[in-house]
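Novice: Each chain, written out:
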Amino acid sequence: MATQAEGSVGGNVVQAINRIFSEALSARTEEQLCQLVLSVAEDVTGASYSLMGEINQATDRLDNLAISARGLQIFADHDATFTTDFMPAGFVLRGLFGAVLNEGESLIANDPANHPERGGAPDRHPPIDNFLGVPLTRGGRTIGMIGLANRPGGFREWDRDAIEEMAPAIVQALFSKRAEEALRTSEVRYRTLFERMGQGYLEGQILRDVEGRAVDFRLLELNPVFERLLRIPVDEAIGRPIREVLPDVEEFWIETYDRIVRQGVNSWFEHEGLLSSKWLQVHVYPHSDDRFVALYEDVSERRRADRALRDNRQRLRSVLEGIPQLVWIAGERGEWTWVGPQWMSFTGLSMEASLGLGWLDALHPDDRAGARDFWQEAGNRGALEMEGRVWHAREGRYRWVQTRARPVRDDAGAIVEWFGTSTDIDDLRRLQERQQLLVAELQHRVRNILTIVRSVFSRTIEAGGPLEEISDHFKGRLDALARTQVVVTNSVSGLVDLENMIRDELLSVGVNEGPGVEIEGPDVALPARAAESLGLAIHELTTNAVKYGALKVPGARLTIRWTANLLYDGKKRLVLQWVEQGVPALPVKPSRQGFGTELIEEALPYRLGAETALEFRGGGVRCTIAVVLPAEETAIVGWRDE
Amino acid sequence: MTTTNTLDGRIILIVEDEYFIAADLRRALQSRGAEVLGPVSNLRDGLRLCEAEQLDAAILDVNLDGVLSFPIADRLAERAVPWTFLTGYDDWALPDAYRVVPRVAKPFRSDMILSAMERLLHSGDAA
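Chains as they are written, first to last, in UniProt numbering: chain D, 1 to 642; chain W, 1 to 127.
You may find that some hints are simply not true.
What the hints assert, rightly or not - Computed list of lysine to aspartate or glutamate pairs in DMTMM-like fashion (alpha-carbon distance at most 25 angstroms, straight line): (1) D:547 with D:513; (2) D:475 with D:601; (3) D:547 with D:499; (4) D:571 with W:45; (5) D:572 with W:45; (6) D:552 with D:468; (7) D:547 with D:441; (8) D:475 with D:433; (9) D:571 with D:499; (10) D:572 with W:65; (11) D:552 with D:569; (12) D:571 with W:65.
By construction, these hints were calculated from the structure, which means they are not laboratory data.
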């Protein structure tokens, strides 16, 4: 009986297990699989309904995997509110289920209401007349159970044995299904990634010639991105060597993949594809068998942006280093954190020596305290502007520099650092000073000469005589002054050539050098003030000679002769002699001291420190003027630029 | 009443490098009875004369042939001798310290210099 029963169990069970494996594979979901299993179990045992549950490892409670189709019908018939929307879960491991799960052994309860392990069915549960529970085990652990209910006449040991024999197949089917689903899920996931990712995915295998040299690579797999990247249809390309697909493929790719595959190390590089004219970043993962996976990313945009940024930086740097200003960046207390090359070449201080507060060393000692004070309050002012002297290494002196700085603020408005420029204004300042000086000098001269003209005018009138004569005298003196002024202001040096001055004076009264007139002496450059006074003196002597002396009397002679001796300190002593000869009548010595006489005897000594002698004697006028000329005279005397 | 000897007996120093201007100044001052010290044309002589025991006032040309006469002014200030600058310069061309001093601008008429001297000496009397 037992053998017969076993044999009969064996035949049915083998059939059942075959059904499970053949039909399980077609189940779309895990629940469908479980329902199939339960339906087989009900067919084998004759149970009215059944369920399958699994212990939730996280909660240590039983979650239903499935209720058999018959079971669902019975539940629905029994309870109008029953729904299949969700699977009951979270059962505490007690009662008859608990006994099976906790003990890990099958249990037959043909009188469940009186069974010692009874726990009572849940609310609205269809009645349980009898019960067979069989544990599902995996790796020696109980992971769940199959519960069968209401077999007419109760469950037999045969039923229990049959289900126990089916149980391993059931577990295996369940987990195969799960593995298959997981695989499908991950495959779907990877396929989606593969086809939609922005990167190009290439799987290839290096192709070698008989000597092992890489000559090509076969495209084993390509994702759709390659249609965009390389403009080749993916389906046509897969399985073919790259040279065949892309006859003008760059050698670079083959060489590079070969090298990486031989090195066997994950690598990445960036390359500008000649065919695609795109910058590609390629990550290469070599694996066995000369195979490799390459991920391509189009980084042209990033490269362009990088390039633009680099160009911008380069341009900014060129501007910063090209402008004539000294540029620097300072922290809030004036400590420099960066300085441009202009500062270094201006001051001769190195970058290291200038950073921090080192730059103060290049300032004029008198300006350092001011600069430091300034930075104490820089934060309150919001802008820096000051002038100071900075050491100029090449010239070996301090130059005036105007410094301006603007704060660089963060988003909150707090000062982060200062950006400063220092402009060399030394030339400007000197020019301004010089211009001021020139204007002042011009004022001085103009007003002085007007004062002198006024003085000469009143003296000319005081000498008396007919109005016409007074007028001629005054005009002559004014012209003489004017001639000197013209020469002084026209010459760059402000110096006047003595000989030219004398000739001009004689020419003004129509006298040239000739048999009766001799002019002789070395080159002498007169400074303006000496020229003014001497010019006027020559004028007076000439006027006198024209009216009364050698330039009036035929046959008389005029000799103008001078010497210039260099003195020990670079000054020159000029001795000028005016000698008239052959004037027969005694010239009339004016009873009152005339203008010319006063000029020569009083004004020249006063103004120039000259020694003068004026004689009216037989034969004509004889005048000697000795004057020391300064060593070097320029237009502006005694005023220094600094 | 004001035309004759308003500067009678006053000793006035003249420092001016232009002979004719100096001579005119001397004549004008003498016409009012003043006694003239100088005139001298340079800084050295001016510094020497401004030490004179008897000195009531001075007229100083600012630019003595390129040399500024300020040292004489400083010395006169120390001695509390009043003076006036005679100059062709405008205010801006003078150092700050010498801008407030009374000045007679060139070109001048002699009555301008005379009334300036009278004012100087009058305020000196009051003080």
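Novice: Quick one, are residue 547 (chain D) and residue 513 (chain D) close enough, alpha carbons at most 25 angstroms?
Specialist: Measuring from Cα to Cα gives roughly 18 angstroms; hence the hint holds.
Novice: Quickly compare the C-alpha distance for residue 571 (chain D) and residue 45 (chain W) to 25 angstroms and report which way the hint goes.
Specialist: Judged against 25 angstroms, a Cα distance of about 21 angstroms means the pair holds.
Novice: Has the given pair, residue 571 (chain D) with residue 499 (chain D), been kept, meaning a C-alpha gap of at most 25 angstroms?
Specialist: Holds, at roughly 19 angstroms.
Novice: Is the hinted pair residue 547 (chain D) and residue 441 (chain D) satisfied, with a Cα-Cα distance of at most 25 angstroms?
Specialist: Violated, at about 38 angstroms.
Novice: Given the hinted pair residue 571 (chain D) and residue 65 (chain W), is their alpha-carbon gap at most 25 angstroms?
Specialist: holds (17 angstroms)
Novice: Within 25 angstroms, alpha carbon to alpha carbon, are residue 572 (chain D) and residue 45 (chain W)?
Specialist: holds (22 angstroms)
Novice: Is the hinted pair residue 547 (chain D) and residue 499 (chain D) satisfied, with a Cα-Cα distance of at most 25 angstroms?
Specialist: holds (23 angstroms)
Novice: Holds or violated: residue 552 (chain D) and residue 569 (chain D), Cα atoms, limit 25 angstroms.
Specialist: violated (42 angstroms)
Novice: Verify the proposed pairing of residue 475 (chain D) with residue 433 (chain D), using a straight-line Cα cut of 25 angstroms.
Specialist: Not satisfied, since the Cα-Cα distance of roughly 37 angstroms exceeds 25 angstroms.
Novice: Is the Cα-Cα distance between residue 572 (chain D) and residue 65 (chain W) 25 angstroms or less?
Specialist: holds (18 angstroms)
Novice: Hint check: residue 552 (chain D) vs residue 468 (chain D), CA-CA at most 25 angstroms. Holds or violated?
Specialist: Roughly 20 angstroms between the alpha carbons, so the hint for residue 552 (chain D) and residue 468 (chain D) holds.
Novice: Run the distance test for residue 475 (chain D) versus residue 601 (chain D): straight-line Cα separation, threshold 25 angstroms.
Specialist: holds (22 angstroms)
Consistency with the previously given hints fails for numbers 7, 8, 11, ordered from lowest to highest.
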